[in-house]
Amino acid sequence: MWSYEKKLQYPVRIKTPNAKLAKIIITQYGGPDGELGASLRYLSQRYSMPYAQVKGALTDIGTEELGHLEMIGSIVYQLTRGLTPEEIIKQGFDTYFVDHTTGVYPQAASGTPFTAAALQVKGDPITDLHEDMAAEMKARSTYDNILRLSDDPDVSDAIRFLRAREVVHYQRFGECLRHVQDQLDSKNFFAINPSFDQPQKR
Amino acid sequence: MYSSNRGSEWTLPFMAWELRLYLDTHPNDEKALNAYRQICAKLEGCSGACRTPAGEMTDGDSRRWTWVDDPWPWQTEANLADVPGKNESEG
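Protein sequence lines, in the order shown, are assigned to chains A and B. Just so you know, we're using numbering that gives the first Met the number 0 here: the first sequence kicks off at 0 and counts up by one. Just so you know, we're using numbering that gives the first Met the number 0 here: the second sequence kicks off at 0 and counts up by one.
Just so you know, the hints here were simulated from the structure itself, not pulled from any lab data. Just to be clear, a hint being listed does not mean it is correct.
Short, incomplete list of chain B residues facing chain A, as computed with Cβ under 10 angstroms [as the list claims (entries may be wrong)]:
{"id": "1", "residue": "P12"}
{"id": "2", "residue": "Y21"}
{"id": "3", "residue": "L22"}
{"id": "4", "residue": "H25"}
{"id": "5", "residue": "P26"}
{"id": "6", "residue": "E29"}
{"id": "7", "residue": "A31"}
{"id": "8", "residue": "W64"}
{"id": "9", "residue": "D68"}
{"id": "10", "residue": "P70"}
{"id": "11", "residue": "W71"}
The C-beta atom is built at its ideal place from N, Cα and C for all residues, glycine as well.
Okay, chain A solo, but in the shape it has when bound:
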């Protein structure tokens, strides 16, 4: 189970509202490579993961992603404070505003609602860990694109922190993959699913 800590993992302090930027950044809240999908992916993959230390990494990284979801929500919240209807139209936030006012809704920048179709739980440790490494790189690329579009140093500071976390998680998942591969039968390196074909004793 989980307990809540009443503090962000890294501080978010944005001085200037900017709804246009909020509409871009919300893609890391509920978009295809966002933090919600990351968390659900890792926490859901744990059940079919036969190796204890990989269960630990999936648990901790999946938990940290929830903290990142909260940071993205905080950025969107602070970027959309105190806007007038005129500013909302001028900054291109009107199409979001009409559906959600200034609430934080899990969607991609394009407006597509969050979908689990962007993530996979394959039930095969090797497949899942490759998915996880790809997911970390996709999120890192998204943060790179956000940094290309952001001209607000307060926003970019928090985004750079989140980008660096993707790099660290990629490294940890790579170590998990190596750990799993080290325990496979060399004659059946990719032909077996260690979660299904060689189940752990019940």
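Given the coordinates of chain A, assemble chain B onto it according to the supplied hints.
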């Protein structure tokens, strides 16, 4: 790079958390485990990232990161202990 001078309110818990992720994939790294325990000791009440299951902090003699060990909560083996009072209420 992002600012690193934002004060210990964020720095120490982050250091602990980063060591924690490292320990998940390097559970036998004593040096990292000792560093983790030292940071935990600095954090008042050992809250947040240093919150570990019963035994980890008191079992300071353990030379490996036992937190990753089986069983995990979804496994039957982790659910065999009696729930206090359950039998009384049913009886």
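Problem set entry | Hint numbers contradicted by this structure | 6 and 7
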